[in-house]
Amino acid sequence: MIIDTVKQSKIEPDKDQPFAALGLKEEEYDSIREILGRRPTSSELAMYSVMWSEHCSYKSSKIYLRQFGEKVTPEMKKHLLVGMGENAGVVDIGEGLAVTFKVESHNHPSYIEPFQGAATGIGGIVRDILTMGARPIAVMDQLRFGAPEHPDTARVVHGVVDGISFYGNCLGLPNIGGETVFDKVYQGNPLVNALSIGALKHEDLKLAKADKAGDLVILFGARTGADGIGGVSVLASETFDADGPSRRPAVQVGDPFAEKVLIECCLELFAAGCVSGIQDLGGAGISCATSELASNGGKGMKVQLKKVLLRDESLTPEEILMSESQERMMAIVPKKHLRAFKKIVNRHEVEYSVLGKVIRKDRLLINWGKEEIVNVPPRTVAHDGPVYERPVRKPKWQKSLNEDSVQSRGLYRANENSTDLASQFVQIVSSPNQADKSYVTDQYDRYVGGNTALAYPDGAGMIRVSEVSGLGVALATDANGRYCQLDPYQGAQLALAEAYRNVATSGAKPLAVTNCLNFGSPENPEVMWQFKQATTGLADACLALEIPVTGGNVSFYNQTGDTAIYPTPVVGVLGVIDDVARRIPSGWQDEGNNIYLLGVTKDELDGSVWAEVVHDHLGGLPPTVNLSHEKALAELLHGASLQGLIASATDLSEAGLAQALTESVLRFNMGARVWITEICERDAVDKTAALFSESTGRVLVSVGREDDVKFVGLCDARSIPVLRIGVTDNTGELEIQDLATWKIDELRTPWKATLPELFG
Amino acid sequence: MPKIIVQVMPKQDLLDPQGKAVARALERSGHQAIKAVRIGKRIELYYATTPTDAQLQEAQKIAENFLSNGVIEDVVEVFIEQD
Numbered sequence: 001m002i003i004d005t006v007k008q009s010k011i012e013p014d015k016d017q018p019f020a021a022l023g024l025k026e027e028e029y030d031s032i033r034e035i036l037g038r039r040p041t042s043s044e045l046a047m048y049s050v051m052w053s054e055h056c057s058y059k060s061s062k063i064y065l066r067q068f069g070e071k072v073t074p075e076m077k078k079h080l081l082v083g084m085g086e087n088a089g090v091v092d093i094g095e096g097l098a099v100t101f102k103v104e105s106h107n108h109p110s111y112i113e114p115f116q117g118a119a120t121g122i123g124g125i126v127r128d129i130l131t132m133g134a135r136p137i138a139v140m141d142q143l144r145f146g147a148p149e150h151p152d153t154a155r156v157v158h159g160v161v162d163g164i165s166f167y168g169n170c171l172g173l174p175n176i177g178g179e180t181v182f183d184k185v186y187q188g189n190p191l192v193n194a195l196s197i198g199a200l201k202h203e204d205l206k207l208a209k210a211d212k213a214g215d216l217v218i219l220f221g222a223r224t225g226a227d228g229i230g231g232v233s234v235l236a237s238e239t240f241d242a243d244g245p246s247r248r249p250a251v252q253v254g255d256p257f258a259e260k261v262l263i264e265c266c267l268e269l270f271a272a273g274c275v276s277g278i279q280d281l282g283g284a285g286i287s288c289a290t291s292e293l294a295s296n297g298g299k300g301m302k303v304q305l306k307k308v309l310l311r312d313e314s315l316t317p318e319e320i321l322m323s324e325s326q327e328r329m330m331a332i333v334p335k336k337h338l339r340a341f342k343k344i345v346n347r348h349e350v351e352y353s354v355l356g357k358v359i360r361k362d363r364l365l366i367n368w369g370k371e372e373i374v375n376v377p378p379r380t381v382a383h384d385g386p387v388y389e390r391p392v393r394k395p396k397w398q399k400s401l402n403e404d405s406v407q408s409r410g411l412y413r414a415n416e417n418s419t420d421l422a423s424q425f426v427q428i429v430s431s432p433n434q435a436d437k438s439y440v441t442d443q444y445d446r447y448v449g450g451n452t453a454l455a456y457p458d459g460a461g462m463i464r465v466s467e468v469s470g471l472g473v474a475l476a477t478d479a480n481g482r483y484c485q486l487d488p489y490q491g492a493q494l495a496l497a498e499a500y501r502n503v504a505t506s507g508a509k510p511l512a513v514t515n516c517l518n519f520g521s522p523e524n525p526e527v528m529w530q531f532k533q534a535t536t537g538l539a540d541a542c543l544a545l546e547i548p549v550t551g552g553n554v555s556f557y558n559q560t561g562d563t564a565i566y567p568t569p570v571v572g573v574l575g576v577i578d579d580v581a582r583r584i585p586s587g588w589q590d591e592g593n594n595i596y597l598l599g600v601t602k603d604e605l606d607g608s609v610w611a612e613v614v615h616d617h618l619g620g621l622p623p624t625v626n627l628s629h630e631k632a633l634a635e636l637l638h639g640a641s642l643q644g645l646i647a648s649a650t651d652l653s654e655a656g657l658a659q660a661l662t663e664s665v666l667r668f669n670m671g672a673r674v675w676i677t678e679i680c681e682r683d684a685v686d687k688t689a690a691l692f693s694e695s696t697g698r699v700l701v702s703v704g705r706e707d708d709v710k711f712v713g714l715c716d717a718r719s720i721p722v723l724r725i726g727v728t729d730n731t732g733e734l735e736i737q738d739l740a741t742w743k744i745d746e747l748r749t750p751w752k753a754t755l756p757e758l759f760g
Numbered sequence: 001m002p003k004i005i006v007q008v009m010p011k012q013d014l015l016d017p018q019g020k021a022v023a024r025a026l027e028r029s030g031h032q033a034i035k036a037v038r039i040g041k042r043i044e045l046y047y048a049t050t051p052t053d054a055q056l057q058e059a060q061k062i063a064e065n066f067l068s069n070g071v072i073e074d075v076v077e078v079f080i081e082q083d
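Quick note, the sequences are listed as chains A and B, same order.
Quick note, the first sequence lines up with residues 1 to 760 if you use my numbering.
Quick note, the second sequence lines up with residues 1 to 83 if you use my numbering.
If we strip away everything but chain B, and leave its shape as in the complex, we get (with noise of 0.2 Å):
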């Protein structure tokens, strides 16, 4: 089923408490190359077909006032991905 997939970042400048401790976890376990770690989320929109521009643009909407919350969270990328 054609999807469109929303990726969503916490602010840049704001403290990530889960990438925090994943970063410390892989410290621990000898991954010392790494420096740091954010982790964001991936949302998945199905749609029965090939989503339109409008409906793409919508979503873009969507991403910024309902999925995310624009205070503390970036939309990074709102894209189609076909099968």
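Only chain A is shown next, with the shape it has when bound in the complex (with noise of 0.2 Å):
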């Protein structure tokens, strides 16, 4: 093996380095060349080009994150323990108390080798939680998938379905929620992203960083093999000749019995007080680890890389620095602590091997044997990457995809055919992204740690942190990518509006944000348009709701060739309730209860599940967004549930009314008769929109008769519109007066048959 070092570097400063193929631009390059004085050596370039990719700089959206940051007030901070940039966010729930949360995305793995991809999703995001000194304690998945009768959707959807309950259900974490939806623009990149939970006491809080020299550096977890090589093999065919190793693999395998040990190693090692800080091991491998480890320290690290524990003895010092082996983790520890870390490690049978020390100078020095292979500050590769501000143009096609619009192209509307209509309902809500999702929740274990207040078909997940309080999260994820297409910046808003709404809706109080923004290339000015745009509206919406963003995750080039995705800003809303048994459950139970429909249907099908499924028609402008009306809303659910006064609630949002009394009805068996024709008189519109129109700001809500009068009052008293639409009945029927009367079963089979067909 011939090494590169930094001696030779100087020797032979003028030779031709592979940075196109490892993806790096000709002025990145050249800029390295300068921070360096020299030519970087390989293992350099190696570092380097993964850490200013864009995965890893958030080069190209940077400017645009900083929003989040800046559109804040003091009042939204007070929750906050910990802001943006660090592994995850983390919100004061009360109580001596916190959570720490995040989504994440892992697309494209997922389509390569669904099942493993999708599992080291969760593994990730699982160890990103376990850094901030948090006990994970649930997880959820957002996923996209092409359209639902496409051969090679089959082969994603179980191989991510199975590798999320696979790693999911062996780490005993409870799947509280997530989103299934299914799209042609995901076919060729589908999107997996994954969000996970800990809890934690604010005393138990950690950063990852070193900041006192002499702290030794320690690699703990699994071997390094070479998982997830991608670009680096550019390096490792150059250092070998022609008949070396073949192409690494770029997939990576997950163990979770090993990252269950980790979790619970790396709790006790914190406990315990013998570590500074501790950071996962995930893209980029070491060279993340170590060079992040001291720039947010301020200080610099001396490594021997030949004492990294290998799976395999002929990876390159290259492949070893860019290996991105699961279940890895590496710990900053004092010297007088490493009995007692090495104590802890052993009884769980981790191995681990001290890598080197933390140094006062601020330079990164790696060593292979007697050979420095590294030598570069630290917050040059991980901190103070490029910055883009790429060009960015509203695409061409918008505007003549606003003007079609389902009032211009003058779409078929059923509302004096009542049979029409009633088909067109059945038709809707067992389509495949409205239809029952338990084919896919069910192979998820939702209650393991006995933890879980709400979960599918919940509209937000809802779990206990305190079995002393009962004090709980409640989490809900939204995003809606038809809405983005037609306008990004308020379909960003709709993906929050509706997330709030959700975590509203089962009686907690909205917190906190998190977001994963999956959008087409940056480097296409319209993609880049639609970034600008989604993040805008976000910043603003959070500002106006007043809760803040506490951190995310972008994932840029998801395209199928030159054709991106909708845009597709994953929006997390994290709530807190004082108690998960006052939480407000999302279908009817009881008969003889009043059915109020809160908000304001307006005719807004532009987008919706109608025009989608009965008319396969995408145009026009999203429904309008009013925040201050949210919040209001929120308010009064918060306030009726701490009365007592709600027996249940749930959002209208995609396919509207249809769907909500569809789930109301379904959750647990109890009929109802319902009107419409009010909606249509006070709002003016026809049975079509009332029945399917996705106006924002609506919740359906049922209420026992005695507590009638003070809960109209209340509305009242907030001003938010409220109308009696109907009562629930034990008839075992879902009657809609002068349209069907449906028997319960007439709606569940449709309901619950279509993903089994499609995939069972």
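Simulated from the structure, these hints should not be mistaken for lab results.
There are no misleading hints in this set.
Computed list of chain B residues with no C-beta within reach of chain A, every gap over 10 Å:
hint : residue
1    : L26
2    : G30
3    : I39
4    : V75
5    : V76
6    : E77
7    : F79
8    : I80
9    : E81
10   : D83
Cross-link-like lysine to any residue pairs, in silico, SDA-like; alpha carbons within 20 Å at most:
hint : chain 1 : residue 1 : chain 2 : residue 2
11   : B       : K35       : A       : N346
12   : A       : K306      : A       : E371
13   : B       : K20       : A       : C265
14   : B       : K20       : A       : Y352
15   : B       : K20       : A       : C170
16   : B       : K11       : A       : S314
17   : B       : K3        : B       : E58
18   : B       : K20       : A       : N346
19   : B       : K35       : A       : Y352
20   : B       : K20       : A       : R347
21   : A       : K260      : B       : K20
22   : A       : K260      : B       : A23
23   : B       : K20       : A       : R223
24   : A       : K343      : B       : R28
25   : B       : K35       : A       : L310
26   : B       : K20       : A       : L310
All C-beta atoms in this analysis are idealised placements derived from N, C-alpha and C, irrespective of residue type, glycine included.
Please dock the two separately framed chains into a single complex, following the hints provided.
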């Protein structure tokens, strides 16, 4: 093996280096040379190339992500213990407890190898949560697949769902919700986003940094192999002669049992106080962990790479630096605690190796035996990467898409034909995106740990954090790519508004936001425009709702050929509830309750499920958002739930009232008699809009007769439009007057059959 | 009954959690000489009569495209086994 050393780089200053094949631009390569005052060694080049990649450096998104930190008030930061920029944000939930949560994408690996891709997505996000000193308590997944009937979709669906259930179930973490969406735009580029949430006491909060010279740098957990080495193989094949190792696989294989041991081991290390910080190894492996830890602590690091325990002895130094082998962690351990550290990791049978130590000098020095192969300022690798203000351009097609509305097309509405209208109702609620998702969620363990208060089919997941007081958190995530395609600014706000509303309908008070921004190529100005619009919309809406963004993830290059996916900013909202026993259920349980519709229905069918399922149409403008109304609505629900006035609540979003009615009936098999004529009269809309419009700021609640006066009074006091539209009953039927009467099973059967028929 | 045997192994470079777990269990139970374990799978395809060369070639294709996951596994061997 020929090793390219710092010394060698000076002897041979003009050696040709494969920077382009590693994804670096010529000017980026030049600026590396400028930083170092010489050409980089092949190891340094490998490090810079991955750390300056879009995925690690956020070079195209940084200038827009700043808004999330700028558009905040001091009041919004009140509950934030840790904001953006760390591994995950941390939110104070009271009683000396805090939660940390984050969502990340694992889109591309999940298309190549769906099972391992999705599984390691869970593993990665769980380790992020762990580094904050928190115990992971739940996961959620936001999945977007291609057209349901396309032959390749089943491969991806089966692999991804199996991978998530395998990894999550083996870890013993409940999967409390998420999304499953099908659309042909995700055919060659499915979206697999994974969210995890962890709980901790305030005093247990940890930050991953190496800020004391002399502390030891220890790598522990799984051994390092050739997993996930993509671009670096270019260097490997340079170092070896032609018949050297074959191109390394870019896939990572996860081992949830090793991760479970690692979780317990890390939490014990934190509790024993023998580590000053722990960083997980995810993308960019050792390169990322060493440079970030040193840069975060404002110090340097000296590392002997030969000390890394390997699974495969043939790995080159470049490959060791880049490997994305799973279930590894890097700890910063004060010398005096080394014995205690060893005792704990040995007891867990976790392998470890002391790689080096933290140094005062602001340099990251890596040796391969006696040869120095890396000598760089850590900040230049980890944090001071390139920042681009890429060109933006409103897409040429945007105007014609927006003009092509449901109205201008004159799409057929079955208002006068109740048979047609009723069959549209069933067609819509049993379409793949609206149908029962328990085919997917039943494969996940939703209740392990015994703290799950709400999970699918409820709109938000809810988990108890304190078993003493019942204090808990609710989480909902949403994104509607179709809305975002029509208007990315408003689309992102709609996603936030819906997740916010979902949390509020569970009885919790929304506190904080995370996001996973899935977009096409940033090099395409039209995509960059969508990104700019979406982030601006989201930041503006967070400010209006007074809930801060605590962190997130950007995933670019989601496209097939030149065709980008719909902009898909997944927005997660976290809320707190003082006692999960007070949660609001999402379906009807008692007969004789009044059914109220809160909010106003407008004729907003552009981009709707109705337009998609009935007319295969996408055009026009998405529903309008009224954030002050959303806020008032959330406060009303919170107030009413504190007084115990609400028996159930379901938010109206995709497929509007039709979907909300269906889910409310099917949740606990309680029938109802409903009339929509008063909606039509008060809001001046037709039956199609009353049933299928996706106007925001609406919630369906059921209220016991005895609480009726109080509840309506509360709505009036807060100026929330309220209309009684029905009564629950025990007939085993859903009757919508002047439209149809279905036996509950006539709705349940088609609603439940769709996914098993496609994928079972 | 004559059969074709297909042997599949996880790719050399990739982590094999099952093999790793067994290796550790062996080490714990005193088999210090064994340093690593890798676990693959053996698949038996039964035929009514001794498979022809064409059928063997077909089995090779099935092994690569259907019985193994080329992203993370290698087909090591495909051969005919008589009783």
